[in-house]
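*Asks:* Now for the letters of each chain:
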Amino acid sequence: MKYIPTIGIECHVQLATKTKLFSEVDNDARGKEPNSCVSPVDYALPGMLPRLNGEAIKFAIRAGKAMNCKINEHSRFDRKHYFYPDSPKGYQITQFYEPIIGEGFVELPSGTRIRIEHAHLEGDAGKLTHFSDYSLVDFNRVDTPLIEIVSMPDIHSAKDAHDYCKELWRLMIFAEVSYGDLYNGNMRFDVNISLAPEGTKELGTRAEVKNLNSFRSVERAVEYEIKRQTKLLEAGKKVVQETRGWNDADGKTTGQRSKEEAKDYRYMPEPDLPPINLTKEFIETEAAKLPLMPADYRKMFGKTIKSDILEILLDYPQLAYKLKEIASPSHPERAQVRSPKLIALDGKVSAISLIANLFVSVLLAEEKSAEYLNDLPSAKDLTELAEMNKKKELSSTATKEVFLHLFDPQMKGRGSKQIAKELGLIQENDLGALEKIVDAVLAKPETKKAQDDFKAGEEKVIGFLVGQVMKESRGKANPSAVQDILRKKLA
Amino acid sequence: MEIKREDILHLADLSNFSLSEKEIDKLGGDLKDIIKYISQLDELDTDKVEPTYQVFEMDNVWRDDEIIPQDAEREMLLKLTKNEANHQIKVPKVL
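One line per chain: the protein sequences are A and B, in this order.
Those letters in the first sequence? Residues 182 to 672, per this note's numbering, in order.
Those letters in the second sequence? Residues 4 to 98, per this note's numbering, in order.
There's no promise every hint is true.
Cut-off 27 Å, straight-line C-alpha distance, at most; resulting in silico cross-link-like pairs (DSSO-like, lysine-lysine) [what the hints assert, rightly or not]:
#1 A:K308 to B:K96
#2 A:K261 to B:K25
#3 A:K261 to B:K96
#4 B:K96 to A:K270
#5 A:K308 to B:K93
#6 A:K408 to A:K418
#7 B:K7 to A:K444
#8 A:K213 to B:K93
#9 A:K261 to B:K7
Computed list of chain B residues with no C-beta within reach of chain A, every gap over 10 Å [to be verified]:
#10 I6
#11 E9
#12 I27
#13 D45
#14 T49
#15 K51
#16 M61
#17 I71
In case anyone wonders, no lab produced these hints; they're calculated from the structure.
As the structure is a computational prediction, the values presented were derived from the model and not from experiment.
Backbone N, C-alpha and C define an ideal beta-carbon position, used for all residues, glycine too.
Can you make the complete structure from the sequences, with help from the hints?
*Replies:* Structural data, given as C-alpha cells:
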C-alpha cells in the first residue's frame, strides 16, 4: 500500500527588537555573558509588571504581512502554565485564544502554497545547559519576543518541508524582523508528521519531532519519520502519538516521553497586559513598510536570471536589493510598490544577468564574502562594469577582476572605468589599431607556417594566431575582434 | 461536586506541590467548599455578557523599544538563588 505523508510545521522566530517583549533590557544576547541581559521582570520577582514592547507588535504586523496573513485588529495575551527551570514565572505569556496574526499563506519557489493557520506573539524561555548531574540556567533568552507560526497540514514531502522552512526564513530576513541566525537558534522548527493510506481522507496518528534548528535537519527528520512510520504500518503496527527528539549525528528520531500525559496548561487571560486593539490605519502604516519579498524578486527577475542562480541570490536580501537598484534606478524605494514600472527592468536585462552571475560565482565564493555583503559597490559602479563588458571593453576575466577590485578598500569608490584603466584591463576594440597589430604579427616569420596551415584548411591554428596577437597587444586586444580580422586577412 | 482523590493529586502535580495523606483529605473538603462558593455565580445569566479579560478597561499599553539600565545587577539577582555556578543558576538535572 502507498502511504501519503501529511506534515504541519510550527516555527518559532526570535524577533530582532532592541529590547525584550516585556522588559527594557537588551534583547541581543549574542556573545554576552550568561544572565547579563536580565531584569527583575525576567526573573519574575514578586510584584514585577511586564510592559509590552510596542515595536514587537509592529514587527509582528510586518512578519504577518510577509506571509500574506490577515492582521487581527483585536488580540490579547494568555498565561500558559507549566513548571520548568527555564521559565522563572511558572507560566509563559503567549496568545492562545486571540493571536495577532491570522490566516495567510507562504508560496514556495515551486509555486506550491502552504497555508498559515495563525501566528502569535509570545515570550521565549531561558536556556538550559545540561551536565552530568545538574543543569545550568541562563535567563538571557527569557522573554525574547517570538512569533510562533503554525502552518496548516499542507506539506506532503520532505523536500516541501525543507523548502517551506527555508522560505519562512527568507520572509523573516527580507521583512527585517529577525536576524535569522539559525546557528544561534533564531528560528526553531517543530514538525508534525503522519501517514495515511493513499485515497483516505482521515489523517493517521502523528508524531511530533521537536526543536529542529536547520532546514536540512527538518528534511532528514521527515525522511526518517516517513520510513519509520511506513515500516510500522506495513508490519500492521500502530504509530504512537508522541514527541520525538532528533539526533543529528545518528540521523534518527527517538521517543522522548514514556508516559504521554494529556497536557494541562490551564490557560487564563494575562491580567497584567491590557488587550491590543489596532486601527486599520496603524496596520496599514506598518504594512506599507514591508520591503520587497522573495516572491516580488521572482516576479521581477524570473525571466532574466536563471532560477538556480536567483534562488541562491534570494538567500541574501542585500544582493537582491542591489539588483533591484540596478534594474530600476528611477524607483529606489525598497518598500512594496506594486507598479508595473517597478517590475520592468528599464532595459537592463544583460546587466542584471551579468551582475547576478558575478554575485553568485565570484562574490559568494570569496572568503570575505560575509564582510563584502555588508558593503556592496554602488549600483552605478556595477552598471558601469556591465556596460563595459557589453561593449567588449572588458573580457570576461577582466570583468571579474574589476568586479573584485570594487570591494578593495584601496580602489573602491574610484568607479569601474577608472579601476579598469589603472589595472590596464581595457580591451582594444579600435579596429584600425587592432588591424595594425594583426599586420605586425602576420609579418613575423615565425607565424608564416601557421598562416599557411590555416589557409590549407587547418582550422585549429587560428587559436595560435589569435594568441600571438593577444601577446603582441599585451592582453588588451578583444579576441573575438582579432579573430574576425585574422579570418578576413587569411581568406 | 465530587472532588476525587485523583483530582487532588493531579492538581498537586500541576502545581508542583507534594502533599501528605492528611493534606490530601483536608484539601478535598476545602476545594469542595470553594467550588460551592464560586458556583453561586452560575445563578447569573451571562449569555449576553461579553467576557472581561481585565478590569481596568485599558488597551494598547505599550512602551518604546529602548534599553533602560536596570537597578538590579546580575550578582544581586543571582544571590536570590540557592545554587549558582559560572554566573548561572544551578538546578537538578532536567531533561
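*Asks:* Going through the earlier hints one by one, which of them does the structure break, listed in rising order?
*Replies:* Per hint list: 2, 16, 17 violated.
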